[in-house]
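Assemble the whole structure, with the sequences as input and the hints as a guide.
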Amino acid sequence: MVEETTTREHEAYERIHAGRDFAELKRRYIGFAFPMTVAFMVWYLLYVVASNWANDFMATQVVGNVNVALVFGLLQFVSTFLIAWLYARHANRKLDPIADRLREEYDREVGR
Amino acid sequence: MSTHDSMIPLAQDTSHRPVTVTLFVLVVLVTIGITIWASRQTRTATDYYAGGRSFTGVQNGFAVAGDYMSAASFLGISGAIALTGYDGFLYSIGFLVAWLVALLLVAELLRNSGRYTMADQLAFRMRQRPVRTAASVSTVVVSIFYLLAQMVGAGALVSLLLEVEGDAAKNLTIAAVGALMIFYVTVGGMKGTTWVQIVKAVLLMGGTILITVLVLAEFNFNISDMLGGAAENSGAGQAFLEPGLKYGVDTTTKIDFLSLGLALVLGTAGLPHILIRFYTVPTAKQARSSVLWAISLIGAFYLMTLVLGFGAAALLSEDAYGQVADSAGNLASPLLAEEVGGGAGSNGGAVLLALIAAVAFATILAVVAGLTLTSASSVAHDIYANVIRRGKATEHDEVKVARGAAIAIGAVAIALAIPAQDLNIAFLVALAFAVAASANVPALVYNLFWKRFNTRGALWSIYGGLTSAVVLVFFSPVVSGKGVDANGNNLSLFPTDVDFHWFPLDNPGIVSIPLGFLLGWVGTMTARDRTAEDKYDELDVRALTGAGAEKAVTH
Numbered sequence: 001m002v003e004e005t006t007t008r009e010h011e012a013y014e015r016i017h018a019g020r021d022f023a024e025l026k027r028r029y030i031g032f033a034f035p036m037t038v039a040f041m042v043w044y045l046l047y048v049v050a051s052n053w054a055n056d057f058m059a060t061q062v063v064g065n066v067n068v069a070l071v072f073g074l075l076q077f078v079s080t081f082l083i084a085w086l087y088a089r090h091a092n093r094k095l096d097p098i099a100d101r102l103r104e105e106y107d108r109e110v111g112r
Numbered sequence: 001m002s003t004h005d006s007m008i009p010l011a012q013d014t015s016h017r018p019v020t021v022t023l024f025v026l027v028v029l030v031t032i033g034i035t036i037w038a039s040r041q042t043r044t045a046t047d048y049y050a051g052g053r054s055f056t057g058v059q060n061g062f063a064v065a066g067d068y069m070s071a072a073s074f075l076g077i078s079g080a081i082a083l084t085g086y087d088g089f090l091y092s093i094g095f096l097v098a099w100l101v102a103l104l105l106v107a108e109l110l111r112n113s114g115r116y117t118m119a120d121q122l123a124f125r126m127r128q129r130p131v132r133t134a135a136s137v138s139t140v141v142v143s144i145f146y147l148l149a150q151m152v153g154a155g156a157l158v159s160l161l162l163e164v165e166g167d168a169a170k171n172l173t174i175a176a177v178g179a180l181m182i183f184y185v186t187v188g189g190m191k192g193t194t195w196v197q198i199v200k201a202v203l204l205m206g207g208t209i210l211i212t213v214l215v216l217a218e219f220n221f222n223i224s225d226m227l228g229g230a231a232e233n234s235g236a237g238q239a240f241l242e243p244g245l246k247y248g249v250d251t252t253t254k255i256d257f258l259s260l261g262l263a264l265v266l267g268t269a270g271l272p273h274i275l276i277r278f279y280t281v282p283t284a285k286q287a288r289s290s291v292l293w294a295i296s297l298i299g300a301f302y303l304m305t306l307v308l309g310f311g312a313a314a315l316l317s318e319d320a321y322g323q324v325a326d327s328a329g330n331l332a333s334p335l336l337a338e339e340v341g342g343g344a345g346s347n348g349g350a351v352l353l354a355l356i357a358a359v360a361f362a363t364i365l366a367v368v369a370g371l372t373l374t375s376a377s378s379v380a381h382d383i384y385a386n387v388i389r390r391g392k393a394t395e396h397d398e399v400k401v402a403r404g405a406a407i408a409i410g411a412v413a414i415a416l417a418i419p420a421q422d423l424n425i426a427f428l429v430a431l432a433f434a435v436a437a438s439a440n441v442p443a444l445v446y447n448l449f450w451k452r453f454n455t456r457g458a459l460w461s462i463y464g465g466l467t468s469a470v471v472l473v474f475f476s477p478v479v480s481g482k483g484v485d486a487n488g489n490n491l492s493l494f495p496t497d498v499d500f501h502w503f504p505l506d507n508p509g510i511v512s513i514p515l516g517f518l519l520g521w522v523g524t525m526t527a528r529d530r531t532a533e534d535k536y537d538e539l540d541v542r543a544l545t546g547a548g549a550e551k552a553v554t555h
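Read top to bottom, the protein sequences are chains A and B.
Note that the first sequence covers residues 1 to 112 in my numbering.
Note that the second sequence covers residues 1 to 555 in my numbering.
Calculated from the structure, these hints are not laboratory results.
A couple of the hints might just be wrong.
Lysine-lysine pairs mimicking DSS-like chemistry, simulated, CA-CA at most 25 Å apart [as the list claims (entries may be wrong)]:
no., chain 1, residue 1, chain 2, residue 2
1, A, Lys26, B, Lys535
2, B, Lys451, A, Lys26
3, A, Lys94, B, Lys285
4, A, Lys94, B, Lys551
5, B, Lys246, B, Lys482
6, B, Lys551, A, Lys26
7, A, Lys26, B, Lys285
8, B, Lys535, B, Lys451
This is how it looks when you write it as structure tokens:
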């Protein structure tokens, strides 16, 4: 019923899954992606809530006609660009080397 | 996007019309040329569904941005800012932040574990037929809602930009847009559609950068002056620059906005037409690069809409600003372009207005093509090849069915969009995001990160999230009982004398999203599926490393 894999492929997947390298890859991935997701969601919801219920604070003028609301909104852009950049750096340095090695092992084992 | 039928002509003089028509024809000719070229490169099913997985991250990044930024965001958000000030900007932030969900949790893992459709990823370890049926139903529903909103908008917008009046002209526009989109999808497949989206994204960014620079130059690049001018001109004063003009009316509208914000931020990563774009690149690394490019383009674009919106409020004459209000905001960018080009009646104004109109037209074409391709792929690959033929269909038959499905879906969209023009269906885009967030995202996330997740959990979250979002909206004020606006336009789908609403919010996300997740959890815990659990290890390895993932086609 499910996607078919050959015995050889199945064994290769099982072996990689049980290995220390994969556990480390998964730990590094989850360790970055999950806390970061919680962080940007909280940060975004804080912005939505402030827009709704903290009018006086949001209306505070910062420079000229630029108020806190605009700065807060622009900071959402900054944080989005920053998190995207941090993730790319993390993935390139900490995830890709392990993932590439495991994929090569798999290809060798199943003879692709 | 507005669906009001009270559109008024763009300007008293029509000097821009020949240029506009020429540019529209040019857009059509270029995209037809691309499609025919792409059809020659399309041989296998992987070519048709996934462009041979041979696009680069940069190309796909532009295509993703082109697929995502609809005319609703191009004309709608700048228009919303021009009319309601800061609250228009709130929208765009949700649309952008949402991409982090796609980047961190979905894009790469999906690229590694799926093949052509959203359902592939679930079917990897679930019972094929029920799960594919559910995912396909959700895909088609989300895509049709979105498509319908775009098509109805296209009819109003193109006739507005070309200044043709009357129902016949609008019907003809919808039919022509529909025919073009069917042509792109049936003939060009994913390759043609992708290139149309890339061209559109380049045009959109180019046009927006040009107008933004011209607007800022009017204020000697002093943003504070522009904001001050906008606040003064709008008549709302400093309140124009603060949140609250649109969503801050009372507690219900505030909770409604929170509900919308949740759907926007979670829904993007569950939009099927966005998800299948990640299959068009050779590796997960290129999928990551696609999202990074898309985030840069979309972020830059939304920052510029801020200038377009506040710029329009600051620079437009009272007369022109009135036209923007009558068009529910859609004319803000085109009229602003005319203004910074030298004003109505000038050659520069005519050329820039025509240019922005052509960009809007290209935008509509690219988005509707992406949506049609997505639904057609799901019907052919999930329903026909795997549910009906149980995986025994040949590639040739599958692609033939996909082409037929594209024609059928396109025809249905035209047939529904023409009568829908007189109805207020502006809520459909937000509903598409809500369904994606309530039905698709719980299933995708659970499947990737929860070993115990099984077929029943997937079915409950998809059908439960989908049904609750649609039912809540059906009994919400956007369908009946919202009343009329200041100009007497009906704010609901049904006539003003019908009122059966009991759900207080326009946006169902705050209820339907937790419900989708909860049902997925309850469904999973009340069933046991050893096969799905055993297969999880394979999915886990494949998703994170790309071992055994689909490879690019080499011709």
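Checklist entry - Which numbered conditions among the earlier hints are violated in the structure presented, ordered from lowest to highest? => result As far as the earlier hints go, not one is violated by this structure.
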